[in-house]
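Number of protein chains: 2
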Amino acid sequence: MARTASLSGFPEWLPQERLVELHVLDTLRKTFELHGFASIETRAVETVGQLLRKGEIDKEVYGLSRLQEDDDASVGEGGKSDKGDPNALALHFDLTVPFARYVVENAGYLAFPFRRYQIQKVWRGERPQEGRAREFTQADIDVVGDGELPFRYDVEIALVIAEALSALPIPDFRLRINNRKLAEGFYRGIGLTDTPGVLRSIDKLEKIGPEKVAELLKSELGASDEQASLALQLAAIRSEDTSFVEQVRALGVKDDLLEEGLIELEQVIEAAVQRAPGKVLADLSIARGLDYYTGTVVETVLVGHEQLGSICSGGRYDALASKGNRKFPGVGLSIGVTRLVSRILSQEFATASRSVPTAVLVALNNDDSWSAAQDVAAQLRGRGIATEVAAKAEKFGKQIKFADRRGIPFVWFTDDDGKHQVKDIRTGEQVDADPASWEPSAEDLHVRITTA
Amino acid sequence: MARTASLSGFPEWLPQERLVELHVLDTLRKTFELHGFASIETRAVETVGQLLRKGEIDKEVYGLSRLQEDDDASVGEGGKSDKGDPNALALHFDLTVPFARYVVENAGYLAFPFRRYQIQKVWRGERPQEGRAREFTQADIDVVGDGELPFRYDVEIALVIAEALSALPIPDFRLRINNRKLAEGFYRGIGLTDTPGVLRSIDKLEKIGPEKVAELLKSELGASDEQASLALQLAAIRSEDTSFVEQVRALGVKDDLLEEGLIELEQVIEAAVQRAPGKVLADLSIARGLDYYTGTVVETVLVGHEQLGSICSGGRYDALASKGNRKFPGVGLSIGVTRLVSRILSQEFATASRSVPTAVLVALNNDDSWSAAQDVAAQLRGRGIATEVAAKAEKFGKQIKFADRRGIPFVWFTDDDGKHQVKDIRTGEQVDADPASWEPSAEDLHVRITTA
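Sequence order for the protein chains is A and B. Sequential numbering of the first sequence, starting at 1, is according to the working numbering. Sequential numbering of the second sequence, starting at 1, is according to the working numbering.
These are calculated hints, taken from the structure and not from any lab test. Warning: the hint list may mix true and false statements.
[What the hints assert, rightly or not] Some chain A residues well away from chain B (every beta-carbon gap over 12 Å; in silico):
#1 GLU17
#2 SER219
#3 ARG343
#4 GLY384
[Claimed, not checked] Facing chain A, a subset of chain B residues (Cβ under 8 Å, in silico):
#5 ARG275
#6 LYS419
#7 GLN421
Owing to the predicted nature of the structure, the values given are computational and were not obtained by experimental measurement. Glycine included, each C-beta is placed from N, C-alpha and C at the ideal position.
So that you can see chain A by itself, here it is in the shape it has in the complex (with noise of 0.2 Å):
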């Protein structure tokens, strides 16, 4: 099944693939809802001055015009395509931003702390890659507060996408988790007080090494041998329990900003070692590209296809959304849902046991038996078994291949004298059944998803 997208960025699923897609999604949403994260979806269109309120993403954003203007367009609703005009339009980029915006806008609707799942497709002008789309679509959980939102929402986060994850047919995977506190108190104390400028270089450790990355930190932030090496040492400490602390004071750094995130990430750690044994480690790597994070930091690796990327990001965000003096605290969470069924796909991981729906072919004794047929898949649908009724009554031989075709595993037979008999196409055997009360065993009646 390995084809091209006819539009390089745009992938595609087949019927079979995306049955698996789905079966993905409806395990997100069961266990976002199961944990009381409702949904909700943003427009997919915002406005170019709410995209680019955070900088440093607007190579990657597609701006909208109307192919036809009118006349009488008027500004912000699409009619102009002026780059350069905050109210022009713009496909969203990611989830959190709009619903930063969407919780401002909604602020006295919601009840805070407002938790809420949103599964939607997002779209970045990137250059497509392996594991990077134009088009794909993202899970993200959020907790949003109004004012202050307790740190143990941070906590409860991981260990919720940690189940979610758990819960998907993919390999064993890593939550590595950093503090941006804990990483700015540090740099802080030993005198680096550029902190996006330090962050962007430990964000390029695993591509251009540590010896580099030290070059970087002197040329570009003025940092000394020692200052340089320091920053390096924090980044090399990674642990699966709460061990990590002791290494950073081991540093002998003194900071307050320091000492709070430390408090922070070892709660995250300590509740994930015992709720989510082996899913989390604390790695003071992680840096995160986007600036909005202010605490935790997260990225998650598939165990042994680390070159895929990050299949899971996000962290707490302390001021992307306010209304005036409010404040609006949140923590989330993103899945990569095309990027992890990409790469369920491309390895077959999983499949779906068929390509349809449907458990039952009612086969066309004649061309008059359509309405009868009609009814026995009524019967049978009334309990749930999705049935389709051949349209021609060709020769059984033909009907069966229809439904072997599409892997459905039962054919349906009414005779002149109205007998009905079943057959399971996989075996031959074929049974009298009544359609007011035959039903295929529990493994037939859906489309099951194998794990390979």
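Fit chain B to the supplied structure of chain A, relying on the hints for placement.
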């Protein structure tokens, strides 16, 4: 809950409203799958050339361009916004044109006749008005054949849609069905050969009335008084049974195509009288604006809400998709989900029993009991009971208020001795409970959608 969208034409729902929309979407999906339709999604983006292939719709299309173009951006990758370029990218305005493209591209991987459902957002840059948004969700079912497609699918599609709409929390509805062959054959039979022209005039019947349509037919198409009168007599025919056939024949027009159309429409109405009584009528005024329809055409009104416009439209298209000499005729219908949901919400045809999926809030006795509370929650979730844990050990009154504001029916308490109790906060009744076995009533387990 009457709010104004912050961007005109781009509606967004509150969590409690979204639950109603989810109910509609889940119900449609379930019905479609019971009838063997497979899910697919197509990319939101098509090339302008693909979208404008059928003409007459360019005014509605949103083109895309990257806000900050790379110098090396190549044509056809959204790097340019040259509106004359057929490789430029734009958002799809319906799901039929993208589906036709998908079928042609993936013909080698699909089993024909191929039946799919597709539920996605579409975009039209029109001036927003009541019932007409710029971003809205459509739910489509189509069956497409390879070379030929039995007419029976026209009948089946109408019946499936009638069943799907009957399952929604909406007022009574009517599928108004006509047939292009019938209309075209009739016009030809009376000497009017510009079928699109006549259809365009007839399409204005409800807006401008029969006198003005007669004038149009005469002034723009050169029709005689008698031709205009006959065309209007045809358009005035409607019947809930197959009596329309006699009414048409009584007009005395002879034409082979007319005869073919009469027989097709008769089959649809005959089946509908039996299988969806009262839901379908032959309405010979139905024209449909877009011109890719070649046989059956359908519009649907909500009884008592006719001014809302059609909530479900479509028909047979024999020439929309082709690959060289290979043709893929199809028939399908598209439900305007956003239009329906807007009306359901504004008229309160249905409401959600609570604003969150959560059935149980586990209260905290003290701040150290969070982990034990998570254990209780995990046990409940393990039996499918959506559960949240309080984030802070506030006074019980405050924790109960947290649940009450969201409509969460139950609050769970565990005292310092590990004794569990659960309180129904609507009745105040509080009883001993075991987290390993307690269950809410089936009514309270999930959010209920109650209809007015």
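Earlier hints that do not hold, by number: Numbers 1, 4, 6 and 7, in rising order.
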